[in-house]
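2 protein chains.
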Amino acid sequence: MKAAFMYGAGDVRVEDAPAPVIQEPTDAIVRAVRACICGSDLHPYHSLPGSEHGLSMGHELIAVVEEVGADVRTLKPGDFVVVPFAFSDNTCEICRDGFQTACPHGGWYGTPAAAGLQAELARIPQADGSAVVVPGVDPETAPEGLLKSLLALSDVYLTGYHAAFMAGIEPGQTVTVIGDGAVGLSAVLAARRMGAGTIILMGRHAARTDLGREWGATHVVAERGAEGVATVMELTGGLGSHAVLEAVGHMPAYEQAYGVVRPGGIISRVGVPQYEEAPVGFGSLFGKNARLAGGPAPVRAYLEDAIRDVLDGVIDPGRVFDRTIGLSEAAAGYAAMDAREALKVMVDPRR
Amino acid sequence: MKAAFMYGAGDVRVEDAPAPVIQEPTDAIVRAVRACICGSDLHPYHSLPGSEHGLSMGHELIAVVEEVGADVRTLKPGDFVVVPFAFSDNTCEICRDGFQTACPHGGWYGTPAAAGLQAELARIPQADGSAVVVPGVDPETAPEGLLKSLLALSDVYLTGYHAAFMAGIEPGQTVTVIGDGAVGLSAVLAARRMGAGTIILMGRHAARTDLGREWGATHVVAERGAEGVATVMELTGGLGSHAVLEAVGHMPAYEQAYGVVRPGGIISRVGVPQYEEAPVGFGSLFGKNARLAGGPAPVRAYLEDAIRDVLDGVIDPGRVFDRTIGLSEAAAGYAAMDAREALKVMVDPRR
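Protein chains in written order, with this note's numbering: chain A, 29 to 379; chain B, 29 to 379.
It should be emphasised that the hints constitute simulated quantities derived from the structure, not laboratory data. Since the structure is predicted, the reported quantities are computational estimates derived from the model, not experimental observations. Glycine included, every Cβ here is placed at the ideal spot set by N, Cα and C. Take the hints with a grain of salt, since some may be wrong.
Where chain A lies over chain B, by a calculated footprint (3+ residues, C-beta under 8 Å) [said to hold, decoys possible]: (1) 125-132; (2) 308-321; (3) 363-369.
Could you build the full structure based on these sequences and the hints that come with them?
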């Protein structure tokens with residue numbers, strides 16, 4: 029089967045790989061319907077040291093189950109499923125608390141535990157605790173827009189949703205979203221769903237912020253840094269934002285976040301931090317009792333409700349996909365996202 | 029009048045100072061009944077550069093009102109009051125949200141805005157929004173234990189309470205308190221009041237941890253660093269603590285905090301951070317969706333309820349005071365707290 033590998037910064041190749049097989053009785057083997065490229069895939073695309081061994085890529089997938097291990101109870105061959113970007117048993121105390129990305133029996137794709145999902149076939153560990161069936165949809169005949177929105181639940185939309193959820197947004201509150209990438213726009217949509225009164229989107233790419241406005245942004249701030257902070261403070265009457273959803277992961281975004289959060293407010297991060305240390309002392313968070321939250325989204329916790337919302341037409345998160353490529357074109361897909369020619373690239377492995 | 033000043037690390041002097049006068053119509057002048065020395069006063073006691081100009085010290089006080097400005101409505105001469113460690117208008121949007129320590133019209137004692145409170149007399153700015161009357165108590169005849177518990181509401185107990193409040197402790201949860209100083213012990217008491225099921229107190233001073241056990245600690249962990257983290261992880265079945273109340277402010281305490289917080293759990297800090305940058309990335313907070321909260325306690329938000337609890341005998345937070353000195357003995361009081369000979373020193377300016 030074909031699968032995408034990264035051999036170093038900027039070097040993505042699609043190669044033949046052995047077809048996955050059931051290794052544990054809790055595994056399932058699935059055949060990809062659609063995969064995609066994540067903003068977080070661009071971090072290694074910028075910085076991965078060159079190697080003879082390619083890194084198996086991808087962690088977002090909608091798929092059809094081909095085979096299940098002896099202990100799998102909720103899935104059977106032929107089921108159409110959404111696969112969250114991390115796997116989890118969904119039965120332990122941490123999962124029951126809603127933090128499946130920290131499941132002690134879970135893990136990540138593109139690691140020794142499980143190959144990446146930009147591939148024709150994939151092995152899904154802890155299949156019962158991870159993949160969720162989409163009822164009543166045949167992926168062969170489903171509209172492309174529906175497939176896009178279901179694929180968006182695998183990571184991008186529910187990552188934006190997680191930012192809003194962890195911020196505990198209350199109706200009428202002011203929310204600032206930092207980043208107009210696909211996750212930031214998803215955070216706008218989620219914040220609106222939670223009843224935010226004012227949604228300020230910090231971003232400078234008009235095509236993207238236009239979708240942000242459609243999804244609920246009441247203001248767009250193109251300025252960055254101190255200038256951007258000053259504009260948001262002005263828009264919030266000098267008080268700052270109740271919640272700040274940080275969907276970038278770089279230090280300047282974090283600095284903007286604590287610059288615009290109001291006393292007692294909360295910064296909720298879902299952009300994977302490209303830093304380990306950051307200001308949290310009296311001058312940044314502590315002095316104004318600002319809170320910090322966020323992490324890898326426990327997609328599994330939100331997935332059943334979100335599938336229902338998509339099937340009911342309540343949300344249309346698939347609109348972040350503005351380009352579709354075949355799996356063999358993966359290198360061009362990464363390049364297009366890196367150059368910001370595409371907001372988010374869907375991969376059709378059958379094409 | 030006499031007041032305490034710090035001229036550099038380890039150099040506390042009690043000197044004559046001009047009696048304060050009403051400067052704004054919202055001011056009150058009060059006469060100290062009891063003041064005290066704060067753990068946070070020990071930070072400058074260790075590090076303040078020497079100067080010819082003494083720093084006016086102290087921010088905790090119970091007092092009798094002597095005079096009020098023309099706009100003061102809730103206080104009158106003769107009222108016995110608790111004075112929170114920061115002043116605030118208590119009417120603005122930030123105060124109404126419960127974050128009075130970030131009030132745009134508020135401020136701190138021992139600054140150009142207001143002298144310190146280790147003094148015979150003090151000017152209380154924004155008096156209506158800050159001081160709260162203790163009903164039905166005559167400080168001349170009140171038992172010493174009651175005075176101590178009321179004084180503890182000025183800062184130390186409600187700072188511990190704030191840690192627990194911001195952690196949102198739910199009944200039955202596991203709470204780890206880092207630090208067996210007066211604030212840490214207060215955090216134990218507050219966590220018990222909120223229904224914590226297991227309370228692990230990290231501290232190594234037996235006289236202090238004994239009071240912690242009386243106040244609700246179910247376990248005491250004397251080890252620090254990696255060893256202390258390992259012990260807490262063992263006590264929590266490898267999962268970590270739902271809430272960690274950090275009552276120290278030094279980096280090793282912060283490191284212990286993120287070491288023992290469980291996935292999705294929360295670190296609530298009330299020890300004034302002696303650092304600005306700290307780990308918050310994938311390896312510390314983000315990876316396990318751990319949250320960070322805390323800051324200067326908005327004592328005013330909690331004060332009325334806490335006064336009632338003290339008067340009703342529900343809590344006895346004054347037990348942290350294990351030494352009383354006259355104001356003229358302030359230098360010895362600082363030295364005793366610094367040497368850990370005293371847990372917390374009360375200052376009786378009439379003695």
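Subject >> Structure versus earlier hints, numbers of those that do not hold, lowest first >> reply: Number 3 only.
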